[in-house]
Amino acid sequence: MEIIGRLHPLLLHLPIGILAIAFLMEWFNRRNQNTTFSPAISFGLKVGMWSAIISAASGYILSLEGGYDENTLFWHQWLGILTAVFSIGVYYLNQKKAHNASFEKAYFPAFSSTIVFLLAAGHFGGSLTHGSDFLIEPFSPTEDVAITDLNSAKVFESFIQPIFKKKCTSCHNESKLKGDLLMSSLIGLKNGGKTGPLFVAGDAENSLMMKRIHMPIEEKKHMPPKGKTQLTEDEVLLLEWWVSEGGDFEKTVGENKVPENIQTILNKYVEIEDVGVFALDISSASESRIQDLREVGFEVYPVAQESPFLDISWKGNTELDKDILKKLKKVSEQVIRLNLSNSNLTDDLFAVIKDLPNLQKLSVNKTEITGKALNNLSTHNYLEVLNLYNTKVDDPGIESIFKLQRLKKLFLWQTSVSDSMITKIRNERPKLMVSAGVDASVFGDARLKPPLIMADKDIFRDSLPVELNINFNGVEVYYTLDGSEPDSTSTKYDTTIYLTQTTNLKVIAKKEGWKTSEVANRFFVHAKYKPVNIKLNKKPSDRYAAEGPKSLGDFKKGTLAFTDGNWVGYEGSHFTATLDLGKKSEVSRVTVSALEASASWIFYPKGIEIAVSENGSNFKKVSTQVIPTADVPEPPELSNFSEGFDPVLARYVQVKVKSNLKNPDWHPNPGEPCWVFVDEILVE
Amino acid sequence: MEKEIKNRQHQMNRRAFLSKSSVGVGTAALSSLLGLNFLNKSENGIITPPNGGIKGILNSPHFAPKAKRVIYLFQSGGPSQLELFDYKPTLIKRRGEELPESIRNGQRLTGMTSGQDSFPLAGSIYNFEQHGQNGAWISELLPYTAKIADELCIIKSMHTEAINHDPAITFFQTGSQQPGRPSMGAWLSYGLGSTNENLPAFTVLLSRGTGRKFGQPLYSRLWGNGFLHSLHQGVQFRSGKDPVLYLKDPDGIDRVSRRKMLDKIAELNHKQLEEFGDPEISSRIAQYEMAYKMQMSVPEVMDTAGEPDHIYQMYGPESTQPGTYAANCLLARRLAERGVRFIQLYHMGWDHHDNLPNAVKNQARDIDQASAALVMDLKQRGMLEDTLVIWGGEFGRTNYSQGILTDTNYGRDHHPRCFSIWMAGGGIKPGVVYGETDEFGYNIIENPVHVHDFQATAMHLLGIDHERLTYKYQGRRFRLTDVHGKVVKDILA
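Protein sequence lines correspond, in order, to chains A and B. So this note's numbering is basically just the index in the first sequence, starting at one, shifted up by 27. So this note's numbering is basically just the index in the second sequence, starting at one, shifted up by 225.
Rather than coming from a laboratory, the hints here were simulated on the basis of the structure. In this text, all values refer to a predicted model and were calculated from it rather than measured experimentally. Each hint should be verified, as a subset may be incorrect.
Cβ-Cβ distance ranges computed for the label pairs, FRET-style [claimed, not checked]:
no., chain 1, residue 1, chain 2, residue 2, range
1, A, G343, B, D479, 23 to 31 angstroms
2, A, D446, B, E505, 56 to 64 angstroms
3, B, S339, A, G501, 53 to 61 angstroms
4, B, K318, A, T656, 25 to 33 angstroms
5, B, P475, A, N371, 45 to 53 angstroms
6, A, V675, B, Q546, 27 to 35 angstroms
7, B, K318, A, E512, 19 to 27 angstroms
8, A, R433, B, D479, 49 to 57 angstroms
9, B, D467, A, D446, 20 to 28 angstroms
Only pairs whose alpha carbons sit at most 27 angstroms apart, straight line, appear in this in silico DSSO-like list of lysine-lysine [to be verified]:
no., chain 1, residue 1, chain 2, residue 2
10, B, K714, A, K255
11, A, K685, A, K584
12, B, K438, A, K583
Short derived list, chain A residues pointing at chain B, Cβ under 10 angstroms [claimed, not checked]:
no., residue
13, I31
14, V330
15, F336
16, V412
17, Q441
18, G464
19, A473
20, R474
21, I497
22, N500
23, W693
Where is the CB? At the ideal position from N, CA and C, for every residue including glycine.
Looking at chain B on its own, in the form it has when it is part of the complex (with noise of 0.2 angstroms):
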């Protein structure tokens, strides 16, 4: 019996040298044609160093970049772009009347919609007001936001192909409105790797807004590394007493026994690789390794008791509170400080089918301050030149009531055709707002800017060519923007 088994074993090893060996050949040539060049990576693109640390498939960016990491406030649920940075004075002026077919020209509703006999104009009821020197847009509910339009890129024709949640923010995240995709910050991880050996390459935060408070739950599949290695995924950082859940060591268990018992386990399993030559087990040990290390770093960073009284007044006083929005983006601070590559904050309830004014009134309160504060603090430590701060949803919402309009309330239904999102820092032109929709703010007239285009112009202020940052699987080559994503120029610096 052993003896079949070490027979097999050969025979798996020969296979696994013929096919490497024959591919390899040819990669290797080809990769050279292409100016790629991965040929001393190992296949599933981790290399581990001794320190632990995860390093990038890409041993440099493509490019100079201009930012070096990313922080992505998303805000699930579909902000009202109508409420907030789309003024529109005929949906004002209109209110009540229908809106024209030829507006809506066939655009699919939601099944929370599509029964309904008629589509009353909503305009917004909040107040808008020029702010900045280009003299952008912003509604009397974002009062922080408006200070800080110099630092913005507001852009107001973003479009999306998927209508409901989830298929929308995971097309957001992976390019894919089908699971299974690696998330946004796993391809970042995957491509660069991590700055800092302690701390994972992509972390996660979440919060829940006061606008809707059970709103969609979210999947942690939205962080996941998809195909990509396991190290890639994002790790999520709670509030409370176990900031990352399993990584405390149990009762009795002190560091030294610890270390002990990772080194032996290490040494097992540097026996197994150099019998196998799994880059599995590579991982493995590596992911051992940063766990360890984050016992120590994980603590560090979520305490902020040592931030001063200023930086508190900056972000708000929920910023004393751990698990809320502002108390997030002070975390999202730490992170990037210590050269967390992708930090995503998640911040849930921004779904307003019925009693959308005072709802969106309450979320906007949640994020407001907190976000300005966020980009302003990046940027008086001069960090912003090389952070690239992103705030939006994963679609926007009708123009039209869902259920009836009143003098004082209205909602509104999930809305892919236009909506509006900023971004900050790291080689964005600050002091824009790009792209026009029409007057009744369905359609986009100007510079559209589909969710493709999006990621790949926040890869390519990140150094990389979008088009070449791929992963085989299955037989084909994947990358982030599928097969489409084109840079939107004009809004870099």
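Same shape as in the complex, but just chain A (with noise of 0.2 angstroms):
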């Protein structure tokens, strides 16, 4: 039976050359309008039926000895047996069409079809023996050849060939060949240039191409020409070395003599060129085992398409145990990414890893393994990243990490290894990246944030509770009520606080290891009077006017936006604003509450005066106060103008307030008319 299945290749032939001269004869038929050919075509359709019939059984046989890649075979399968029972179809037409207009009509499209479906069949079966992208791999762009073995590699194709190519090609090629010197490629090498042969074998001081190489390079025959890119040392050595070795194009390094200053360069190469695992040349895991790891809870893909290595990982839905571990094994060749972190693993499980030899990459971290698990760690010469974050790791089983010489990175943050044995590991291999958690000299120096200070208003007539909110478990809060700046033998913060008069309140965040947090504060004011009435100098702006004067004593405050009709606006003028509390009464500090806001040509006060009166027609002032200027720009902000001063018993109380009234020089538009905006003015 297997005998015919392996005739297959050979029979699967006939059917294509058969089907496709019938198909071409029956083409000129119709082109030519006649049937010259019509007992030619009904012969071939006959034996070329029977030859795709044959074919396709035989194909059929030689499938069931399997190794194929599964979802190309399904094509090809269908395919080819489509294209038998179409060949069978078409034969039948043929035979009866003379009889049946309709036959007639499915004749040609059914042969067509047949054709179709003939060659796609063919093209997979193509794709099935020489691989899938042999069809389109002469455009591809071929890549240099990957560097494993230093003895094997061949000098001329490995090192000499790509030096010719990134220096040498651009002005000897086909299509420029300066000098008359070709060389891309070997015959061009070989012939050498107008000049002369390139060079003479083995004998690199009298070669063309090393004299002119060695050349000072303001000479106009230095190669490459002044302004071209030019040769290393290390190309040129290599040149050197390759002509006194005989100039030879097949020779490897190991059948010539290296000296040890050509092996240091050539090592180079090695050391860039090495691609660790993928350098194996192993067969892919069948899908049926892939299949398999998936059921018990891994998560398995290749880590390229077409590539046989695979990328693993636990996706820790149920526990590890010894018995799903083991799966492992019948992918050992496969596997070089490994991911058991997070997981239940323990040294016992550990050992499993003893049987994956090409491992490239290993994550254990959050696990319960310790330093003893390490001991399995031997012979996995891929091994270059180890992942132990978070695990019981200590000392003694770090050192197993010496016998790993491809080691790349390992993590060690928070396992029990110590700092010397960590300054060990960097001193010993400085190549390899120890990670071992963060500097805490990065974020050392980490500012707490000051708490927010809750409270429901700013004024307030009798009392006012005030909370210090701060998302942040074990952050220690301080305040003060003096307007001193507080610290850590200041008040500590518990429960509310209440205030019962005109507070500047500051508080600080202090927590071990952080940096104390910045001071903030918050204005409270205690509004002991409600004035009956209070008059304006000068009506406000229109636009700004609030709710009359009185909005100034209502003890609603403004918001940042200026236009929120809380506010009372002037342009471009003072104004005096007077309180008429209702009765003598003491009063001690008047604090004004205005806004800020440059971009919108809006500034504090210059100054603000304050005169009491008993009888509304002569004031005494008890206060003057001068408000710098602001000299940058700064976001909108509201402010208090709070001025305290003895007691005095009055029933008037005069604010003067000053306005800036210009832009200052350094904003956008200067010497314009500036405003000045006040919401509350307050009198305790």
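Using the hints, build the complex out of the two chains.
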């Protein structure tokens, strides 16, 4: 039986050829509208039909042997069978079409379809045997072959030709051909150019190429010419070595004498080209084994399309156990990236790693393993990345990593490995990156944020509860009520503060290991008296008049939006407000609440003068306050300008608010009239 | 009547069968020719394994990936490169002089400065110093970022085609200025699927900056699925009680009855699926299952109470306040640990047309410590290896002042010709500054990186050939990089 199957590659060419020629003849007939080839077509179809059936059958037998890409095989098989079935149909139509008009109609489309199926089946068949990229391979750019083993690397192909390609062939190629020298082909190199042969085999000193290279760069004949990318020292040495070893195009490194200095240069190539585990030539794991792993809770996928290597992660839906891990051994060659982190992995279970020799990256962070587990890591020559963060790995255990020659990155944060051990590893393996957590100096100066001062209002008549809020455990909050800067000797906050007088509350947050926060403050005004009447010496701007003069004493604060209807605004002028408290009262403090929004031409007052009177006509000045003008733009903000003075008895309080009148010089519109905005004047 | 309906259904089936079988053989042959492999996928690119996760259209990446996931710290509004990464002494020296026309060279301006008579050069008022082994210039506004300079690849030569926010962000996210294409995260979800069957493959976190509190809003289509299946759209996680909207069971419904309901619906859906074979139905089933699982997984990932103090110290005190950028960075790490493929943060408020010195200072403070902490936290866990972190906005800002230039104040308009971003981890060469702008900080003079190049590079690091991850829609194959994009090989490790 098997023999018939193995005949498939031979038999399959028969239907292709025969059916194709029959089709061509049919086409010819139709083009010339005659029946010259009709008998031949009929015969061809008959033979084609039988050969198609036999090919399909033999193909099926061959497929039973297995070993083919399932997906491609599926298409090849069914297209092949379809071709056979259609060829029977077409032969039948061919025989009967003379007697039946609809048969006649269907005949040619059916024939064409057969050919299409035939070609498609053929293509997939080709893909099966030659690989799916066979067809387009010539169009894919070829890349330089990676050097995996220095001794078997060909000197010319691996080291010399790349130099020519990089530095010479931009001028010495088929289309440019400077000095009649062609360096992009072997023949060209052997023939040399106008001035003679390129090199004398075995004699670097007398070789033209080397002479040109060694000329001083100012010389016209120096190569590569001035202005072009020059050869590096290493490249010159390599060329020299190649010429003196005979300028051979086939020899490998092992077949040449390699002086020490050349060896060092060659080693560099290998280091750069080291592809680690990817140099291994292994076959893919079967679909069923992969499926098996997925079923027990692993995530499995090839590291790349068409790659046999697998990237496997434990999803952690259930507990790991020996039976589950044993399944990894079925893909012991293929698995190169394994992630068992965040699981119940123990030293005992870790033993499975011993049987997975090709691991390139192993993540066992956040597991229960200790240093002992690492004894299983010794034969893992390809291991490049090892993540042990948050495990109980210790100093004796970590010594195992010195056996891992390719190890490039090691993660040891939150393990029991000591600092001195980490220093030792760093000293012995300078190229190995050891991560042991972030250096404290990077984020050590992190500063706390001050707590939020939470209160319903800024102005109160009797008393006001204030809370300090910080959304962070273990933070201590300190505050002062007298305007002094708080520190850890100040009052510690633990419960609501009740304010009974005008207060500048200042708070800080402190916590071990953090920089203390900046000071946050908020000004609370105790408005003891509500004026019965307020008079303004002139009308405010129509647009910013709030609800008349009384707005200044209604305890309704304005917001940063100066159009909110609580603000009384004056453009380019001072103003004076006179408050009538209704009866003689003891007055000791006046607070003016104002807005600054320089982008909107609004500035704080330049000064505030306060005078009091018992009768409303004779005023006595009790306080003068000068407020500096802002010298840089700031985002809009509110401020209270509060002045205390010796208590006096008074019924009337006169507040002169001085405006800056004009925008300051730094302002985008200097000299234009500016505004002054006040929402409350409060008397205590 | 019933007969007609049946007939129609059969017709539909026949038509569907014919179109599928005729296209089928062709695509099969073609895909094999092109080296693609999507024969055993359903048509809309979703395979819904019984466990409900999202499986990508590519069974495995095109080539071995350097990064398995992305954390994209998007800085919305256009951060000023001249205040952060692109140090220009000439601008400082020639402060106040007019921008030479030979430099501007006809660049179009936005409506916000096109009427300006004068374009005074505005050197930054902030100091720069060199940091890290490669001596990268970084502004004093970013002290923590400066400390991790050796981990970063700073690209100073990004450029884009758009000049206003929405088209520019849309361009960055979807590869097209016009809305309607899938976002980067959606493409990845479509291509590679999810590695955590309990969480979506693409999650989104938003925060508002203190630099400009009421900046441009963001639209959810920026993290939309475009023409891809809705399973691939970004899911926004919010701070507060309801991290994902409409996810919680209503009061009085417990998980048992929810389970029963879903089982019953799934049964009905399966019947429907058997009859019609519409793949939309199977994806609907999967979405219900995912939502059910997220009811458990989302609260778990959002609860950062168990994070130790030293982690809060790294990310800064704001990380304890839900909804801040710092808190989102911490969440991003937690999502990454749980295998979420694409984690997109947006930090708003970088649009500083006026009052720039102050605003950019606040804004920089918002992001500096937490961004650096995220990189270092990933590093100490061994996750920076395979996580690509990206920081950057949609365009840069002009070298001249919008509005009056004074000693202490100026503004900057949008500038698409050059701006700076950084990337770290996941196969990016660390400690590199790539690209260079002219002495005026206006044009690129070395190694320009277009938005499509950036996208191609990110895809490359994830193991995807950006030219081969496509989706056919309206008769054309679409891809993230449209018909452009070159992988920037120089910045690959």
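Hint by hint, here is what the structure shows:
no.	hint	result
1	A:G343 - B:D479: 23 to 31 angstroms	26 angstroms, holds
2	A:D446 - B:E505: 56 to 64 angstroms	59 angstroms, holds
3	B:S339 - A:G501: 53 to 61 angstroms	54 angstroms, holds
4	B:K318 - A:T656: 25 to 33 angstroms	30 angstroms, holds
5	B:P475 - A:N371: 45 to 53 angstroms	37 angstroms, violated
6	A:V675 - B:Q546: 27 to 35 angstroms	47 angstroms, violated
7	B:K318 - A:E512: 19 to 27 angstroms	41 angstroms, violated
8	A:R433 - B:D479: 49 to 57 angstroms	54 angstroms, holds
9	B:D467 - A:D446: 20 to 28 angstroms	46 angstroms, violated
10	B:K714 - A:K255	23 angstroms, holds
11	A:K685 - A:K584	21 angstroms, holds
12	B:K438 - A:K583	25 angstroms, holds
13	I31	27 angstroms, violated
14	V330	4 angstroms, holds
15	F336	8 angstroms, holds
16	V412	6 angstroms, holds
17	Q441	8 angstroms, holds
18	G464	5 angstroms, holds
19	A473	5 angstroms, holds
20	R474	7 angstroms, holds
21	I497	8 angstroms, holds
22	N500	8 angstroms, holds
23	W693	5 angstroms, holds
Of the numbered hints given earlier, the model fails hints 5, 6, 7, 9, 13; all others are met.
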